[in-house]
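A.B. asks: Produce the entire structure from the sequences given, and follow the hints as far as they go.
Chains as they are written, first to last, in the numbering used here: chain A, 1 to 111; chain B, 1001 to 1173.
It is worth saying that the hints were derived from the structure and are not from the lab.
Ideal Cβ placement from N, Cα and C applies to all residues, glycine included.
It is possible that part of the hints are untrue.
[What the hints assert, rightly or not] Some, not all, of what chain B presents toward chain A, calculated at C-beta under 8 Å:
no., residue
1, 1025
2, 1028
3, 1068
4, 1163
5, 1164
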Amino acid sequence: MKIHPFAGFRRPLGCGLLAVVLAVAAAQAETIQVTIDKLVFSPKTINARVGDAIEWINRDILAHTATVKGGWDVMIPAGKSATLILEKAQSVEYYCRFHPNMKGRVIVTTP
Amino acid sequence: MFSRKIAAIAAFGLLGAPLAQAAEKPTDPQIAHIAYTAGTIDIEAAQQAIKKSKNSKVVGFANDMVRDHEAVNKQALDLVKKLKVTPQDNDTSQALTKAAASERGKLAKLSGAAFDKAYVENEIAYHKQVNGALETLLIPSASNAELKTLLETGLKIFQGHEQHAEHVAAELK
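C.D. replies: As structure tokens, then:
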């Protein structure tokens, strides 16, 4: 394999640039994970900013939903995960349509 | 009035009497059998509703019941296999099965909105009674820790079903 004469120089620069780009992207939007285990959303309440995403990770053997009355309705199949991007500032309670005793809250603020 | 009558039948005929007979503390193999039977009964009730009902909300609810109870029963079977426990038939399981067959017979004679209402009201009453039995008899009597945990999770699931059924009942009104 032929080594590029500038490889040693270029690689660190490239990595550094990528790291900067990723850091900026991370500061702009995060993915917040919520685990579902034995019918409990955890953490129960999450604080997020517009543009952030929530990823629900369902560890149960049952399908669940994350549903807001008159708002979003996310299906989370058994043993799978589902993601929602938060598009507006709001403070809402959500529940599972199949098991309405499961409740969580999302507080979304403008960045 | 009709729904109250169904609820009363469910409360006293379906579970009150069978569980009163089981005043003695059931053993783990009996508890496993009762829990599995209770799940099977709800699956059969749901299958009847899927066949008979034309209401999408009722059919949707019934499909949710089949999916959840099949998943829980599969987990229960896996656990008894792992624990090398053979579920043991008992008076409570037999009385439950008999009462459920009679309930299905009554529901079979109904159709349309009357069927939907009776099915959903019975689901509320049935889950309420099963949850009561889990809380006061089955969970406290279970001696194996894994069986107890399974029953406790089952209770949370069925409490969810009870509320789900209440939501469907409110939408039917």
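A.B. asks: Next, verify each hint and record whether it holds.
C.D. replies: Results for each hint:
Annotation: interface hint on residue 1025 of chain B violated; nearest CB of chain A at approximately 26 Å, more than 8 Å. At a threshold of 8 Å, the smallest CB-CB gap from residue 1028 of chain B to chain A is about 21 Å, leaving the interface hint violated. The interface hint given for residue 1068 of chain B is met, as the beta carbon of that residue sits about 5 Å from the closest beta carbon of chain A, less than 8 Å. Proximity of residue 1163 of chain B to chain A holds as hinted, the smallest CB-CB distance being about 4 Å (cut-off 8 Å).
Interface restraint check: residue 1164 of chain B against chain A, minimum CB-CB distance 6 Å, threshold 8 Å, status holds.
Going through the hint list in order, the structure does not satisfy hints 1, 2.
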